[in-house]
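No gaps in the numbering here: position 192 of the sequence shown is 191 in numbering that gives the first Met the number 0, and each next residue is one more.
Keep in mind that the hints were calculated from the coordinates and are not lab data. Watch out, some of these pointers could steer you wrong.
Said to hold, decoys possible - Here are the in silico distance ranges between beta carbons for each label pair: (1) 44 x 94: 43 to 49 angstroms; (2) 89 x 66: 16 to 22 angstroms; (3) 108 x 168: 36 to 42 angstroms.
A virtual CB, placed ideally from N, CA and C, is assigned to each residue, including glycine.
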Amino acid sequence: MREVSERKPQFGNRAITLDLFQGCRYKGNILDMSPDRQWLEASLEGVPAAQAQCVRAFRLLMVQGALLRGLLDRELAPSGVTAQQGAMLSWIDAQPEPPTISAVAAGMAMTHQNVKQIASALARKGFLEIVVDAADRRARRLVPAARHRRFWKRRNADDFAAVQTWLSVWTDEEVSAVVELLRRLHRHLQVQARTADGPAAGRGRGRRTSNPREPFK
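Start from the sequences, fold in the hints, and give me the full structure.
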């Protein structure tokens, strides 16, 4: 999903996210959400019950993730910052040292090019500094700027209240249960990703070292 236009954020990521599941058909019928079908049950006739329930859960997770991202994009739109940009800033800020572009790409399951584009946009907005790594001049490290912390300190109370409103359909106990379930899923998927990639692929994920025009990592 592409990054939001800086000049017209209202026409970028948010609009795409909110419209993503209107009349959308994904190949393989994993995410067949066309309006003329009950997308949650689509293509599940005859599928074993446990497997069908997993597909339903997957579809719902995908949809709710996109809808929540769309809501957050709408909340952030007046500031010119997108949900994806905010997520990347938070991830970078949580690291013990400023990460390289490659580390961000691997950690957030993004492409090297996408991280570069978002980092450049954030640098132009004054939220991030892109600095040369002292140990490897080919590498670029992403350093949160002071404006980043000031910005979120001002916003956090209202943004957290908005998130609580979006999830108000759940009780406190249900929220706690969902958090634990999602943590378990996150840990499991991290293992799945490492197993699928293998050690060599994991080291290179998110990097494009074969392109001589992109020497920075």
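Checked hints:
Hint check: residue 44 to residue 94, Cβ distance near 47 angstroms, so the stated range 43 to 49 angstroms holds. Distance hint check: the CB atoms of residue 89 and residue 66 are about 20 angstroms apart, consistent with the given range 16 to 22 angstroms. One distance hint, 36 to 42 angstroms for the beta-carbon pair residue 108 and residue 168, is violated here, with the actual separation near 28 angstroms.
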